[in-house]
Amino acid sequence: MGDSQYSFSLTTFSPSGKLVQIEYALMAVGSGQTSLGIKAANGVVIATEKKLPSILVDETSVQKIQHLTPNIGVVYSGMGPDFRVLVRKSRKQAQQYHRLYKEQIPVTQLVRETAAVMQEFTQSGGVRPFGVSLLVAGFDADGPQLYQVDPSGSYFSWKASAMGKNVSNAKSFLEKRYTDDMELDDAVHTAILTLKEGFEGQISSKNIEIGIIGTDKNFRVLTPSEIEDYLGEVE
Amino acid sequence: MTKAAIHVPPKGGFSFDLCRRNEMLAQNGLKPPCSFKKTGTTIVGLIFQDGVILGADTRATEGPIVADKNCEKIHYMAPNIYCCGAGTAADTEAVTDMVSSQLQLHRYHTGRESRVVTALSLLKSHLFNYQGHVSAALVLGGVDVTGPHLHTIYPHGSTDTLPFATMGSGSLAAMAVFESKYKEGLTRDEGIQLVSEAICSGIFNDLGSGSNVDVCVITKGHKEYLRNHQQPNPRTYVSSKGYSFVKGHTEVLTTKITPLKEKVEVIEGGDAMEE
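Protein sequence lines correspond, in order, to chains A and B. Residue numbering for the first sequence follows full-length UniProt numbering, beginning at 1 and increasing consecutively. Residue numbering for the second sequence follows full-length UniProt numbering, beginning at 1 and increasing consecutively.
Heads up, some of the hints might be wrong.
Here are the simulated lysine-lysine pairs, PhoX-like style, with alpha carbons at most 25 Å apart [claimed, not checked]:
| # | chain 1 | residue 1 | chain 2 | residue 2 |
| --- | --- | --- | --- | --- |
| 1 | A | LYS206 | A | LYS18 |
| 2 | B | LYS223 | A | LYS217 |
| 3 | A | LYS89 | A | LYS206 |
| 4 | B | LYS69 | B | LYS241 |
| 5 | A | LYS176 | A | LYS165 |
| 6 | A | LYS51 | A | LYS165 |
| 7 | B | LYS69 | A | LYS102 |
| 8 | A | LYS51 | A | LYS217 |
| 9 | B | LYS247 | A | LYS92 |
| 10 | A | LYS217 | A | LYS102 |
| 11 | A | LYS102 | B | LYS223 |
| 12 | A | LYS18 | A | LYS165 |
In case anyone wonders, no lab produced these hints; they're calculated from the structure.
Using the sequences and the accompanying hints, generate a full structural model.
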């Protein structure tokens, strides 16, 4: 294939007009653990599988869903270490915005700045793109919002989206089940059912993570016992 | 152009580029400006049995003029840490804002409540880097997992750890009250009473301090910001009818009217404005 000669250099276009490194980065995302997000009428929920490499790993030490600000949370599919770097950068950008304008950063602004960072790494020498796609969930003056940011730096606002291994099944499941007037609780149930669709093994409160934000504008990760309750309701 | 992902730490310290020029100007007789907004100030803090109480007056001065009669000198650092600031108002605001932001990032990264000594170290290293040119004298207090803490920080970067402390131009007046009445194991009400007395002593005996008393009580897991807890300087003799200045109040001595001649040129068939 003519493209393969252009696949090693990030900063060179292939004849078909693609940056092959970014395609490869998207493949890294596509082989990561499934994560999804749903925007309800009164909040947003994001969730992910938390499959650990061995039963010996202390699962309480792993947290995939992170806070960026009190009212914005984020989850990823892809390479964990790349995610950590992006979370650090985004948190710092949110703080700088607050220092300058004395208001909490709006969700769109934070997404734009994070996407700009990811784009920088597709147009510089000696670096590689981030191997993660992010799902950013937030609630501000414009209401509940859900954004997906890709390794290329492009971002989209979604009503519901999924990423990672099981993306096509999950997305078709969501397309069937999503309604515009969903409440936050229904959205959590739908998220759990969607994760269950492609789950290998038994789903439990120890191998999934769920984060929600409601009209109180306080993003929080659900405790294992809260997840147990939701799982019980779904059965 | 390479935008490398290497983090280059910012060059700290003061830029001494303009010092020679300043010396030259001083030699030629130019006096440096002295009317930037300072907080004359009385700020105090004490440790009581359940935590820390901070107090401050609310007057900000610009030389001999009161610039703000009700400013806020107790600054938020973290949910469990507050900081009173004396000195140049801009410096205290900027430095407490900056460290508060750094503490928030630190809380996200560690997942833990901020400690008072962390705020202390961040503040003192910043002030030391600027060799005293950042004119901020602070009383830092809070309660964290290791217990209640109270510190004073001087503009050059030195710190003290004390059970009770005062700073600012009214510090001697306030310290006199503390030295005679402070004892260990004060209750919340006794502590607030003592802090208010110390601030009032500063308000009435120091020209640089005045107006109202602000108090902040910090205990384990809880804080109360009592803004304007005492207002010992109310505005008296305010007319309840309000003040209105009806036409005729001021005597008109002379009247001179100069009509402006309007000059309008109409150009026929000119080009239409580009849209």
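Restraint status (C-alpha distance of LYS206(A) to LYS18(A) at most 25 Å): 40 Å, violated
LYS223(B) and LYS217(A): Cα distance at most 25 Å? Roughly 22 Å separates the two Cα atoms, so the pair holds.
Taken at face value, is the distance from the CA of LYS206(A) to the CA of LYS89(A) at most 25 Å? 29 Å, violated
Hinted pair LYS18(A) and LYS165(A), Cα distance within 25 Å: Holds, at about 23 Å.
Given the hinted pair LYS217(A) and LYS102(A), is their alpha-carbon gap at most 25 Å? 18 Å, holds
Does LYS241(B) sit within 25 Å of LYS69(B), going by the straight-line distance between their CA atoms? Distance of about 24 Å is within 25 Å: holds.
Decide if the proposed pair is consistent with the structure: LYS51(A) and LYS165(A), CA atoms, cutoff 25 Å inclusive. 12 Å, holds
Is the straight-line distance between the alpha-carbon of LYS176(A) and that of LYS165(A) 25 Å or less? Within the cut-off at roughly 19 Å; holds.
Verify the proposed pairing of LYS69(B) with LYS102(A), using a straight-line Cα cut of 25 Å. Answer holds: LYS69(B) to LYS102(A) is near 23 Å, not above 25 Å.
Taken at face value, is the distance from the CA of LYS217(A) to the CA of LYS51(A) at most 25 Å? 29 Å, violated
Just to be careful, I want the Cα atoms of LYS102(A) and LYS223(B) compared with a cutoff of 25 Å; is the pair within it? Roughly 22 Å between the alpha carbons, so the hint for LYS102(A) and LYS223(B) holds.
Quick one, are LYS247(B) and LYS92(A) close enough, alpha carbons at most 25 Å? 59 Å, violated
Violated hints for the displayed structure, listed by number in ascending order: 1, 3, 8 and 9.
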